[in-house]
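**Student:** One-letter residues, chain by chain:
Number of protein chains: 4
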Amino acid sequence: MSFNDERLEKEKVFRDPVYKYIYIENQIIIDLINTPEFQRLRRVKQLGTASLVFHGAEHSRFGHCLGVYEITRRICNYFQRNYSSTSPEDGLWNDEERGVALCAALLHDIGHGPYSHTFEHIFHTNHEEITTKIITSSDSNINKILKRVSDDFPKQVASVIDHSYPNKQVVQMISSQIDADRMDYLQRDSYYTGTSYGNFDLERVLRVIRPYKDGITFEISGMHAVEDYILSRLQMYLQIYFHPASRSMEEILDHMLERAHNLYSSNQDESSFASKMLMPFFNNSFTLKEYLALDDGVLNTIFAQWRDYPDDILSDLANRFLDRKPLKSVSYDDTTKNLLPKLRELIQTAGFNSEYYTATNDSYNLPYDTYDPQEANSKTQIELMQPNGELVELSEVSTLVASISGKIVGNQKFFFPKEMLSADQNIEIFQPIYEEFQSYINNDEIINP
Amino acid sequence: MSFNDERLEKEKVFRDPVYKYIYIENQIIIDLINTPEFQRLRRVKQLGTASLVFHGAEHSRFGHCLGVYEITRRICNYFQRNYSSTSPEDGLWNDEERGVALCAALLHDIGHGPYSHTFEHIFHTNHEEITTKIITSSDSNINKILKRVSDDFPKQVASVIDHSYPNKQVVQMISSQIDADRMDYLQRDSYYTGTSYGNFDLERVLRVIRPYKDGITFEISGMHAVEDYILSRLQMYLQIYFHPASRSMEEILDHMLERAHNLYSSNQDESSFASKMLMPFFNNSFTLKEYLALDDGVLNTIFAQWRDYPDDILSDLANRFLDRKPLKSVSYDDTTKNLLPKLRELIQTAGFNSEYYTATNDSYNLPYDTYDPQEANSKTQIELMQPNGELVELSEVSTLVASISGKIVGNQKFFFPKEMLSADQNIEIFQPIYEEFQSYINNDEIINP
Amino acid sequence: MSFNDERLEKEKVFRDPVYKYIYIENQIIIDLINTPEFQRLRRVKQLGTASLVFHGAEHSRFGHCLGVYEITRRICNYFQRNYSSTSPEDGLWNDEERGVALCAALLHDIGHGPYSHTFEHIFHTNHEEITTKIITSSDSNINKILKRVSDDFPKQVASVIDHSYPNKQVVQMISSQIDADRMDYLQRDSYYTGTSYGNFDLERVLRVIRPYKDGITFEISGMHAVEDYILSRLQMYLQIYFHPASRSMEEILDHMLERAHNLYSSNQDESSFASKMLMPFFNNSFTLKEYLALDDGVLNTIFAQWRDYPDDILSDLANRFLDRKPLKSVSYDDTTKNLLPKLRELIQTAGFNSEYYTATNDSYNLPYDTYDPQEANSKTQIELMQPNGELVELSEVSTLVASISGKIVGNQKFFFPKEMLSADQNIEIFQPIYEEFQSYINNDEIINP
Amino acid sequence: MSFNDERLEKEKVFRDPVYKYIYIENQIIIDLINTPEFQRLRRVKQLGTASLVFHGAEHSRFGHCLGVYEITRRICNYFQRNYSSTSPEDGLWNDEERGVALCAALLHDIGHGPYSHTFEHIFHTNHEEITTKIITSSDSNINKILKRVSDDFPKQVASVIDHSYPNKQVVQMISSQIDADRMDYLQRDSYYTGTSYGNFDLERVLRVIRPYKDGITFEISGMHAVEDYILSRLQMYLQIYFHPASRSMEEILDHMLERAHNLYSSNQDESSFASKMLMPFFNNSFTLKEYLALDDGVLNTIFAQWRDYPDDILSDLANRFLDRKPLKSVSYDDTTKNLLPKLRELIQTAGFNSEYYTATNDSYNLPYDTYDPQEANSKTQIELMQPNGELVELSEVSTLVASISGKIVGNQKFFFPKEMLSADQNIEIFQPIYEEFQSYINNDEIINP
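Top line first, the protein sequences correspond to chains A, R, X and E.
The numbering used here numbers the first residue of the first sequence as 1 and each following residue consecutively.
The numbering used here numbers the first residue of the second sequence as 1 and each following residue consecutively.
The numbering used here numbers the first residue of the third sequence as 1 and each following residue consecutively.
The numbering used here numbers the first residue of the fourth sequence as 1 and each following residue consecutively.
Hints may contain errors.
Unchecked claim - Heads up, simulated DSS-like pairs for lysine-lysine below, C-alpha to C-alpha not over 30 Å straight-line:
1. A:12 - X:213
2. R:10 - E:144
3. E:144 - X:325
4. E:325 - E:168
5. A:325 - R:418
Stated by the list, open to error - Going by beta-carbon spacing under 8 Å, a handful of chain E positions derived as facing chain A:
6. 201
7. 235
8. 353
9. 409
10. 442
Everything labelled a hint here was simulated from the structure, so no lab data went into it.
Just so we're clear, the structure is a prediction, and the values are computed from it rather than from any experiment.
Where is the CB? At the ideal position from N, CA and C, for every residue including glycine.
Please build the complete structure, drawing on both the sequences and the hints.
**Tutor:** Set out below in structure tokens:
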């Protein structure tokens with residue numbers, strides 16, 4: 001059977017606030033969406049702790065995955081209309097790749113769990129490996145549906161996601177500097193946060209994108225639309241993804257899980273709900289079923305149990321997380337880094353375990369970079385196609401991109417309890433400590449007093 | 001102290017996708033938002049099961065409450081600018097009412113729990129009573145903050161919400177045919193579902209609204225904006241709130257909780273997580289703390305536990321709910337109502353317990369109605385103010401509203417497992433039953449075959 | 001040659017604020033747009049005097065024509081994807097009709113002149129006849145391009161516009177109760193005025209539209225989207241198209257042209273610029289070239305010349321029109337109509353020629369009506385297709401549409417100089433006349449004092 | 001009298017697509033808008049020839065002026081709410097400046113004429129001088145209204161516009177790197193062109209703007225919003241304002257006016273409409289009344305007359321302009337500039353007068369620059385205020401702005417008739433010339449063949 005054998009006579013749609021409609025033209029896509037594995041994505045927020053800062057952004061990975069699928073579908077349609085291959089070597093689009101492209105787009109995040117970034121940090125899970133597993137292991141519903149196309153199809157889909165699929169046009173559609181994944185989340189996160197930063201000119205980009213023999217490129221006439229995308233992405237990082245209050249909530253989450261890890265390791269009691277759900281991960285030995293049982297609600301329910309856990313630090317961190325009491329933050333740099341131990345000491349003296357109540361966190365972004373063969377996981381560069389068919393690397397022709405290429409933007413933050421900034425505290429005894437602490441801070445930065 | 005004593009020197013804001021910014025001008029509002037009671041609203045979805053149909057609409061009651069506050073604030077500003085009272089009896093706006101209006105707006109939904117409608121149906125809880133309790137009982141954080149204004153202030157705020165507050169302008173701002181509550185949810189649900197229906201002309205309505213001695217009215221010059229609002233509201237009910245797939249998921253939820261209720265009543269084992277959380281409600285004796293411990297995540301976690309419960313019906317319903325397998329539905333009316341027992345019988349014969357696998361559900365809406373003194377909980381009518389200051393009831397001057405006034409729109413649906421519509425089922429034995437069942441259905445309606 | 005022989009290898013686009021992009025897939029469409037006849041539409045405002053009330057709405061017929069083309073193109077694509085005909089009698093869509101549909105959509109307004117409605121009223125021109133002439137007369141550029149398809153093609157295109165084309169699917173796409181023309185102008189005028197009324201759910205309507213053997217119908221599952229369209233259209237009429245200030249400016253324009261007609265008839269001097277341009281129309285004998293030489297700028301330039309014309313009424317009306325000094329208006333009905341002569345008399349006494357300084361104007365709209373075989377130019381009804389393929393008339397199934405069907409909404413206005421409402425005028429002598437006049441007005445309506 | 005003596009008891013509004021409503025709170029503002037001088041702005045397009053490329057962007061300077069007023073009003077409100085001055089030297093906002101600020105904002109473009117840029121180039125008029133004249137000369141309606149505030153008020157308003165007003169907060173509100181003028185046109189032009197580039201985060205910028213003793217600054221916490229504005233502005237220049245087709249139409253306009261100038265200079269016949277209107281400008285001696293008689297419609301009407309002028313070049317250029325037949329363009333740089341004479345020679349040989357049928361035009365933009373005391377008309381830099389009240393120049397803290405500061409973006413274009421690119425022309429004799437011409441072009445650039 002081929003993917004197109006299950007083409008629907010009449011399209012089906014999902015209402016979507018970002019694209020108005022998401023169009024489904026194949027029964028296989030419907031069936032993939034209806035699996036428990038995919039429905040689970042409704043219970044995993046796209047932005048994690050950032051939704052605690054941008055209250056509008058409570059959307060889940062479910063909508064994002066549909067969105068990546070939809071953009072991929074539009075690219076396929078555009079390629080088929082305007083760049084349809086007529087011979088194997090012409091470097092144009094072969095529409096028989098549509099099936100593998102659409103399935104990979106839909107499933108690229110299927111292995112994501114709740115609060116992914118922090119969870120993986122503490123438990124050493126890996127959502128990419130789990131994605132591959134869900135797609136290729138024979139006991140998943142996803143796998144069964146994909147196999148309707150061919151025995152080999154699940155592996156092909158997984159290989160698009162891990163970049164090893166031979167057709168680089170398909171791979172770069174899903175994963176490259178300008179791919180359907182990024183294009184969707186910038187638009188979607190922008191819509192839900194209520195900011196305009198990520199609102200780059202999607203329609204224009206989707207009109208200047210084109211296939212060539214080694215992947216995806218853009219017509220040079222659309223260079224400004226590509227610049228717009230790069231700046232838009234940069235703004236989203238600076239304004240949304242790197243927001244200090246969101247990073248602060250993530251640090252609380254991290255420290256809470258770390259504390260639980262330490263406590264549970266010394267006490268293998270499995271009677272509580274929390275231990276039952278998390279023990280496989282504390283023990284670093286979990287099944288796919290155990291992994292798929294987790295979602296935001298389950299983790300939050302565990303944290304709620306910890307509000308009453310007989311450990312002051314764990315219960316306090318659980319309250320801070322669930323009731324949204326972020327740590328404060330200040331910037332520091334290489335010249336003031338050496339003051340951190342002193343500040344941690346003051347915080348400890350003021351009654352906070354500095355291991356769990358302070359954190360450092362840097363958020364740096366490289367707006368654009370050209371290919372670096374030294375880099376293991378190098379970002380690929382963006383190529384533009386000139387009227388005569390020759391490619392040119394973006395920063396060679398864009399003054400704007402050349403200006404910011406290789407420049408690093410972002411900052412390093414030190415996080416601590418907001419009590420340290422108190423002006424008049426009840427507990428008079430700590431006042432001198434607070435004042436000393438505050439003497440190290442000016443203009444939201446650590447300074448040498 | 002008065003509310004204004006804690007006025008902020010510089011406004012604070014929340015980014016909001018519907019209004020761009022929500023403006024906070026008073027420390028009390030900030031502190032109310034930062035309570036655990038209010039933060040809990042982040043974990044309760046605004047639309048419940050409708051988010052399973054409109055995947056974009058995963059927003060929580062947190063944003064809605066901020067939105068109702070913001071609209072109320074804008075109305076206060078508009079009234080203060082244009083209709084400021086200069087003598088007690090002039091029927092204009094006295095800005096000293098602002099504090100109670102803003103707090104009531106912010107807190108009007110504070111007692112809402114997860115899947116409210118269904119939960120209240122099964123457990124006989126009442127979110128309005130709980131709202132009052134949270135505001136007035138001395139052990140809530142909300143209450144402590146409100147008391148900063150005056151000992152009496154919490155009661156005043158609660159009385160706005162239960163409509164007994166003497167100033168009807170304030171009451172109607174929060175609760176009437178066109179109030180800040182409805183104005184926010186129509187806009188917000190429209191934004192998140194990605195439909196345009198609820199997108200009435202808010203700015204225009206907020207420019208023709210005005211106080212008078214007995215409450216809130218609208219300038220007659222803005223009649224079309226009020227018509228637009230009524231039609232917009234009607235469309236949202238027909239298209240979003242009454243969507244059959246959403247109602248179907250709600251029936252599954254209802255039947256699942258009912259089944260659990262029945263099972264738990266006969267088996268008072270409190271060892272499981274699910275029983276611990278729900279037993280107070282099954283026993284109809286719960287504390288405020290127990291109520292506030294519930295949220296969407298907790299309930300979903302309980303349902304996930306039920307996937308493995310040793311009762312086929314409960315575990316199957318839990319799977320259907322979490323994996324989103326809605327029942328099918330057909331319309332019926334008074335002439336075909338008598339066929340329902342026959343259909344239920346066929347469903348039972350096909351192997352489904354018809355008590356748990358079928359449901360009827362009607363969704364009717366009265367687009368607009370004038371005042372009916374007979375009605376216990378009568379909808380109030382909408383008044384318009386003419387240039388000479390006299391009021392006229394809306395349907396007397398609007399041909400459009402007169403046309404639809406008192407007309408009932410909506411439908412009655414019968415829900416059943418989609419297996420009943422199967423064309424070719426593996427289990428040959430049920431085929432004749434399916435065929436008989438299907439002979440009662442034409443054009444998605446029950447018919448006499 | 002066929003239309004598709006000039007299909008472009010790669011689509012071309014126009015940036016459009018309403019649809020983001022308008023897609024051109026055929027060289028003939030490009031060439032039609034590039035004719036002087038079509039470019040002239042840039043110089044004719046879509047909304048005429050309404051742009052003097054809604055200052056944002058200064059858009060021209062050029063964009064509207066592109067928009068009607070684009071909606072038609074999308075309908076063709078949707079039909080081709082989902083309802084492609086496989087046999088001549090199956091009532092589905094034959095994509096060979098695409099060429100004639102697209103050209104008719106693009107050109108349906110090509111005969112419109114400046115301030116059409118008023119101009120036609122005074123000069124008895126007819127934009128529909130002129131549209132036909134431009135398409136079919138051999139000396140137009142439009143005609144030459146259309147003939148590239150076939151000698152008969154221009155006539156076919158014209159016959160779609162005058163409803164005589166045999167394929168009713170094509171005719172109704174361009175002209176029916178829900179056609180591409182209305183769909184575009186509601187959206188476009190809504191966008192440019194900055195109101196949300198016309199912003200019906202276009203995407204949804206374009207997903208439930210479908211061909212049948214006698215024309216265009218809609219799936220019954222999309223009934224609410226059709227209701228939404230009808231209400232949206234109604235709101236646009238009530239709020240935008242019937243706005244009293246706009247109708248007032250139109251009356252000034254009408255009276256100014258009438259005055260000029262009277263003056264020029266008695267004085268056939270052709271030396272001035274104004275007479276040179278308008279004389280063919282005053283004389284009711286004009287060539288196509290003379291007609292096409294007119295646009296908004298030319299007429300406004302003529303009016304500017306009239307500012308200095310040696311006739312007090314013409315020069316004053318020209319100033320009022322160009323400097324935007326609308327007449328005031330009040331409503332009247334059948335019971336107060338008899339007072340109009342009295343009011344006109346007072347106005348005349350106050351020094352205004354009542355023939356040129358007063359007007360009556362009614363604006364009534366029938367929100368929806370079923371087919372009436374008695375009516376010469378009857379509105380067609382809207383049909384919905386049920387799951388079993390049978391059609392049902394909209395108001396039979398929609399409570400909402402049934403409610404408003406046949407109801408007339410709108411009003412009658414009497415227009416007069418705002419001086420009549422003066423409170424304290426310098427010229428004491430007129431004060432008693434003003435006061436008497438004002439005694440006939442209450443709540444913006446004429447009353448019996 | 002003071003400005004506030006005419007404060008309206010109830011606000012009036014204009015519907016506006018960009019800001020929903022523009023709020024008028026003072027009778028003086030209403031009266032200024034109702035002058036013939038201000039109403040004339042309805043007949044002058046904001047974007048000139050760019051509306052021939054972006055067909056949606058047909059909006060006039062009228063809406064822009066209202067928009068600049070509205071943004072200024074919002075800034076005043078924000079300053080009054082959050083930064084109200086309590087002593088003369090505190091560097092905060094004194095709300096008595098509101099009147100002069102609002103009037104200057106509204107009137108800042110009152111002297112603009114049709115196709116300003118080109119018109120001024122050919123006729124050496126100056127819209128800034130005319131603005132001052134309209135405001136200060138006693139025979140304008142504008143002046144009479146302003147004088148109601150005080151005899152000195154018109155001069156104060158004019159001095160804000162020419163930057164000599166002593167309060168720099170007011171001056172910079174209307175004219176600086178981030179002023180109400182730019183903020184409006186970026187948003188407005190973005191809305192009407194249907195592009196998203198100019199859609200920077202206005203609400204955010206309006207929340208971080210603040211007064212200080214020497215003008216306007218921004219809180220450092222809003223740095224990213226300011227960066228967003230700078231990039232947005234840059235994109236609008238690159239994508240919209242510098243669009244080659246628009247520049248090409250401007251060159252045709254320029255050459256047409258130049259040709260007319262040459263023809264009229266040698267033939268002082270004043271009988272035609274065109275000469276009557278333009279002669280004062282050809283003769284460089286015009287009255288304010290003659291200037292104000294011009295608008296887009298009048299100029300286009302003159303050009304339409306020239307279609308039949310007995311000079312091949314003038315009539316052909318008029319046709320090209322009105323029927324929108326742009327010249328083609330290619331880029332060149334310092335290394336290929338020397339080839340331009342050769343290309344002009346080929347064009348002349350092919351039958352086009354190269355003086356009128358070719359042009360060069362550069363469009364360069366400096367995204368951001370710090371203060372340069374050498375520059376006569378230097379751009380001012382942007383300052384940010386740190387938490388401790390000290391200012392810091394933007395590019396010192398923004399990696400992004402530092403990267404692009406001082407970088408020049410844009411290009412140089414050579415324009416020529418598109419006939420030169422013909423592949424197969426009827427007139428065989430020119431074919432070798434065309435081919436030679438084309439050999440100098442590759443990838444839309446001039447090259448050394």
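**Student:** Against each hint, give a clear statement of whether it holds in the structure.
**Tutor:** Hint check results:
no.: 1; hint: A:12 - X:213; verdict: holds (24 Å)
no.: 2; hint: R:10 - E:144; verdict: violated (39 Å)
no.: 3; hint: E:144 - X:325; verdict: holds (18 Å)
no.: 4; hint: E:325 - E:168; verdict: violated (46 Å)
no.: 5; hint: A:325 - R:418; verdict: violated (47 Å)
no.: 6; hint: 201; verdict: holds (5 Å)
no.: 7; hint: 235; verdict: holds (6 Å)
no.: 8; hint: 353; verdict: violated (29 Å)
no.: 9; hint: 409; verdict: holds (5 Å)
no.: 10; hint: 442; verdict: holds (6 Å)
Consistency with the previously given hints fails for numbers 2, 4, 5 and 8, ordered from lowest to highest.
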